Amino acid sequence: MSIAAETDYGTPAVAARTDVTVTIDGHGVTVPAGTSVLRAAAEAGIGIPKLCATDSLAAFGSCRLCLVEVEGGRGTPAACTTPCADGMVVATDTDDVRALRRGVMELYLSDHPEDCAGCARGTCEIQALAVRTGVAEVRYGRGGANHLAEDRDESNPYFAYDPAACIVCSRCVRACEQIQGTFALTVSGRGFGSRITPGATDFLASECVSCGACVQACPTEALTETSLVALGMPTRTVLTTCAYCGVGCSFKAEVQGAGPDTRVVRMTPWKDGGANAGHSCVKGRFAYGYAAHPDRQLRPMVRNSIDDPWQEVSWDEAITRVAEGMRGIQERHGVGAIGGISSSRCTNEEVYLVQKMVRAAFGNNNVDTCARVCHSPTGYGLNHAFGTSAGTQDFASVEQADVILLIGANPTDAHPVFASRMKRRLREGGQIIVADPRRIDLVRSPHVEAAYHLPVRPGTNVAFVNAMAHVIVTEELHDVTFLRERCEEVEEFLHFIVRPENSPEATAAETGIDADQLRCAARLYASAGNAAIYYGLGVTEHSQGSTMVMGMANLAMITGNIGREGVGVNPLRGQNNVQGSCDMGSFPHELPGYRHVSRPEVREIYESLWGVTIQPTPGLRIPNMFDSALGHSFLGLYVQGEDIAQSDPNTQHVEAALRSMELVVVQDLFLNETARFAHIFLPGTSFLEKDGTFTNAERRLNRVRPVMPSLVGKDEWQVVCEIATAMGYPMSYADPAAIMDEIAATTPTFAGVSFARLDAEGSMQWPVTEAAPHGTPTMHVGGFVRGRGRLTQTVYVPTTEPTTRRYPLILTTGRILTQYNVGAQTRRTPNSTWHPEDILEIHPSDAQMRGISSGDVVALSSRVGTTNLTALVSDRMQPGVVYTTFHHPVTGANVVTTENSDWATNCPEYKVTAVQVTVATEATRAAYAGREAAVRG
Amino acid sequence: MTSGHAPHETPEMRLGHDLVRAFAHLPRERAAEEIATHIAKFWEPRMRHALMAQIRRGNTDLHPLLVRSAEHFVDGDIDRGEVREPSGG
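Protein sequences appear in the order of chains A and L. If you count the first sequence from 1, position 705 lands on 705 in the working numbering, and the numbers rise without skipping. Add 937 to a position in the second sequence, counting from 1, and you land on the number used in the working numbering.
FYI, nobody ran anything at the bench for these hints, they're computed from the structure. A few of these clues could be false.
[Unchecked claim] Counterexamples of contact, computed for chain L against chain A with all Cβ distances above 10 Å: (1) Arg965; (2) Glu966; (3) Glu970; (4) Asn996; (5) Pro1001.
[Stated by the list, open to error] Listed next, with one range per pair, are the computed distances between beta-carbon atoms: (6) A/Ala923 x L/Pro982: 43 to 49 Å; (7) L/Pro982 x A/Asp307: 22 to 28 Å; (8) A/Ala738 x L/Pro982: 31 to 37 Å; (9) A/Gln652 x L/Ala990: 25 to 31 Å; (10) A/Gln400 x L/Pro982: 43 to 49 Å; (11) A/Arg805 x L/Thr997: 27 to 33 Å; (12) A/His774 x L/Pro982: 40 to 46 Å; (13) L/Thr997 x A/Asp307: 38 to 44 Å.
[Stated by the list, open to error] To give a feel for the contact side, a few chain L residues facing chain A, derived at Cβ under 8 Å: (14) Pro948; (15) Met950; (16) Asp955; (17) Arg958; (18) His962; (19) Pro964; (20) Lys978; (21) Phe979; (22) Trp980; (23) Glu981; (24) Pro982; (25) Arg983; (26) Met984; (27) Val1020; (28) Pro1023; (29) Ser1024.
Since this is a predicted model, take the numbers as computed values, not measurements. All C-beta atoms in this analysis are idealised placements derived from N, C-alpha and C, irrespective of residue type, glycine included.
Whole structure, please, built from the sequences with the hints as guidance.
Quick look at the structure:
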């Protein structure tokens, strides 16, 4: 489409039970009571000039351009701050208001660059408003005091601040406060000296998180994307979905050119995006440059041995070698000797085809997906408790929450756009309890202060959640009616949870949480009108990850906090399509829609459609694949868009498994770490080239539309079809829409989904069925999907990774705002400006006793490996716990993580590794140098 | 070696003993059924076979509860509805 214009109504929409009718310039318009005159006029198609007003921000009333006359009223009030009253008669274009606006515009123009590039481009509103208000010249001249010579701030790699173009309307400041919630910007000085500043420093060094909200809000050239300045105006827009975290933000890709010559000028958040409502973060908004990075490998490559150099070949030759290689392994070692791993960065349609290829062409169930190492316990635990492997709410639900219980998640870094929504609720009066080993930003940051921070020791989540439930039940704060009417195994659970060993006092030694604090937090959660649980990988990536998910479900059920807005149990999913990849049958024991392969009636659906026999027994999970490879029974692996050699635990174990295979096929954008062990490399496509759907953490299906054609000559779904076909199982589709049609025809929860319906509705949250044709924002209303909610006796079992004298600290890992997962994407963007390496955070007391200072290179050792990192001494940590990220392959945090895993799903216990930290020695530096050489090739 | 897992455990033993720890709080027969159900539902056949081979060899490092659970799927009497329930994960 051409550039998509979004109407700016000037002030936010108002929700009110009553309407009022006003007359504006002779037109009657009915709006909810409380709506501003500015918005009512816009809804009537009357555009009142404005600069400081925009409909994403509360009215401010400073620019004095939207002045109007109200019949019977005094003066000329600002339309943005004047609410409509029933019967009000407004005139927006009288001689008096025109004269006033001209005067105001003259003042603005007197201090605005005559050669404003934004005015020329049309991105700066000053010139257009000057024309509209009839200002042809400035009577005051331009020789007086002005700001035209002030220095630009070009420190941020993504946008620049030009004070010469700034009119100090405060839209940027207010966007930072009201939309992002960071409060990084302010207006310094008074009167003529008023200037926008990011504190006493430049943008790069400031608290600014580069979300882009200020740039989006700026009505002039003052804050402008660097890419826009470099490339010029875009010529068309494509609506699509971000490919980073599980929030799934909708974006307008604003581009120039067509076909393979398409260039992305900028990505701007889509105001009507169901997940993000016009907001963005530094990754989605700016860090898309990896898609055009020269490191991308655009042609297939092969080699006979992983020690040989790569040779580029044609697609036909590469696919033939994949097919022959896989079939050869099966002939020599059996049908089950090969398998595939799908990616949560790929579309639903792509991952659906990978599991189909494995089941129909490979002839086994050896398919798994990267959810194995992140949220598989969510699927297991929520399904066990509620009957659905997904979160219970939409994101907007948080706006109705009175108390938020945040466990093992750091949304301001990992899910920033949702975090902004959460922070807005907290500023409005919601309260938050943070259970996390670290003092994350949501414990205390501008205008946010947690009611309680419970610094739970890694590995003891279940003891903590049981203690919460113990307090609620023993103090009779539980919802007896809800339990009686909606749940099962109630008496068994109540009997279990009141045992003394589950009390806060009994568990305090394990959890490290003050018993009184925990009791207060439990009371707060239980007594809230609406209490909502949000959680992340700090829950799932434990040996009791699934148990903890069930424990949180227990908590929600015993307090009746399920089945309406403002409550629920909400996983913050890690990757853009981790929900979707699970939904699509990527697990080795389930067909699409979470239906076990042992069910003949489900197999029959696919067997009749696909014309094959589906194995009735589970296939191998990813860690099982590695173990089987080392046992010489699994020798061929297709990996789509995952970097298992960097992301999976115990790197040495993974590398040994990959080395032992006869054929490793990697399909990816880049020659990643896993490709070091591959025999065939198939180029993948970026999200800008994909056509399909992603499903976010709130079960929302969003369209992913191709901004440009595949840069590698084929779409990834086509490659999968061609591999299957070359292996003797013909597979073809007209387009991705046809793949979704097959998904909808065979999976009850997707029955009403199609590309056409998604295009018409914008997005839909599954289940989309005859009973819920527009989707299901809130699950389990009136009853659970499985009938009754199941309470579970969540017995705490300590991890088998205890600290010892040799390894006295616990390492826990996570993400940072500017990098994403293994960093393959973000490391190839200027995001590395902020985070060029993984850092080890360590508490001052732990650092002091080891003689460690910030900036020192330290050796981090566990029972499986050693790596070197730069230390950051931080009191965000609790004593005994250290923290790092896993974004950089050289530091390789997973060199030290172990094969310990969740008992139910084998999700790795990334969050608990017993380690020692010492100042790096010659020996550790030498070992590290060896790894660095291997990684850097 | 600091892990609670024995150094010579095979992958199947390690995963099986994780299940033992998860269900050890239940009465013995119920725990054995739950473990057997989990294995039937989530383990690829070669993993079950590998565990059975350990049992047949009389590996004394195997937890008795894991051995008891294995008898359920050897006898083929794990046909509980839970196997076919949706599970995610």
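Cross-check of the supplied hints:
1. With a closest Cβ-Cβ approach of about 15 Å to chain A, L/Arg965 is found to remain outside the 10 Å limit, as its non-interface label requires.
2. Consistency note on L/Glu966: stated as away from chain A, and its beta-carbon is indeed over 10 Å from all of that chain's, at 16 Å minimum.
3. Consistency note on L/Glu970: stated as away from chain A, and its beta-carbon is indeed over 10 Å from all of that chain's, at 15 Å minimum.
4. Consistency note on L/Asn996: stated as away from chain A, and its beta-carbon is indeed over 10 Å from all of that chain's, at 16 Å minimum.
5. Residue placement check: L/Pro1001 keeps its beta carbon more than 10 Å from all beta carbons of chain A (closest about 18 Å).
6. In this structure the supplied range 43 to 49 Å holds for A/Ala923 paired with L/Pro982, their Cβ-Cβ distance being about 45 Å.
7. At about 34 Å, the CB distance of L/Pro982 to A/Asp307 disagrees with the hint of 22 to 28 Å.
8. Take A/Ala738 and L/Pro982: their Cβ atoms lie about 34 Å apart, and the range 31 to 37 Å holds.
9. Checking the proposed 25 to 31 Å range against A/Gln652 and L/Ala990 shows it holds: the Cβ atoms sit about 26 Å from each other.
10. The supplied range of 43 to 49 Å is met by A/Gln400 and L/Pro982, whose beta-carbon atoms lie about 48 Å from each other.
11. A hinted range of 27 to 33 Å holds for the C-beta pair A/Arg805 and L/Thr997, which are about 30 Å apart.
12. Restraint check, A/His774 to L/Pro982: a C-beta distance of roughly 43 Å satisfies the suggested window 40 to 46 Å.
13. Checked against the hint of 38 to 44 Å, the pair L/Thr997 and A/Asp307 passes, with Cβ atoms roughly 42 Å apart.
14. Taken as an interface hint, L/Pro948 checks out: its beta carbon lies about 4 Å from the nearest beta carbon of chain A, inside 8 Å.
15. Because the smallest distance between the Cβ of L/Met950 and any Cβ of chain A comes to about 11 Å, over 8 Å, the interface hint for this residue is violated.
16. Nearest Cβ of chain A to the Cβ of L/Asp955: about 4 Å, under the 8 Å cut. The hint holds.
17. Given the 8 Å rule on beta carbons, the hint for L/Arg958 holds: about 5 Å separates it from the nearest Cβ of chain A.
18. Satisfaction of the interface hint for L/His962 is found here, the shortest Cβ-Cβ separation to chain A being roughly 4 Å, below the 8 Å cut-off.
19. About 12 Å separates the beta-carbon of L/Pro964 from the nearest beta-carbon of chain A, more than 8 Å, and the hint is not met.
20. Hint status for L/Lys978: holds, given a least beta-carbon distance of 6 Å to chain A, under 8 Å.
21. Hint on L/Phe979 holds. Least Cβ distance to chain A is approximately 6 Å, under the 8 Å limit.
22. With 8 Å as the threshold, the beta carbon of L/Trp980 comes within range of chain A, its nearest partner Cβ sitting at about 6 Å, so the hint holds.
23. Here the hint on L/Glu981 is kept, as its CB sits about 5 Å from the closest CB of chain A, short of 8 Å.
24. Satisfaction of the interface hint for L/Pro982 is found here, the shortest Cβ-Cβ separation to chain A being roughly 5 Å, below the 8 Å cut-off.
25. Look at L/Arg983: its Cβ gets to within about 6 Å of chain A, closer than 8 Å, so that hint holds up.
26. For the restraint placing L/Met984 at the interface with chain A, the shortest Cβ-Cβ distance is roughly 6 Å, inside the 8 Å limit, so the hint holds.
27. A least Cβ separation of about 6 Å between L/Val1020 and chain A falls short of the 8 Å threshold, and the interface hint therefore holds.
28. Here the hint on L/Pro1023 is kept, as its CB sits about 4 Å from the closest CB of chain A, short of 8 Å.
29. Residue-level restraint check for L/Ser1024 holds (minimum Cβ-Cβ distance to chain A is 5 Å; threshold 8 Å).
Of the numbered hints given earlier, the model fails hints 7, 15, 19; all others are met.
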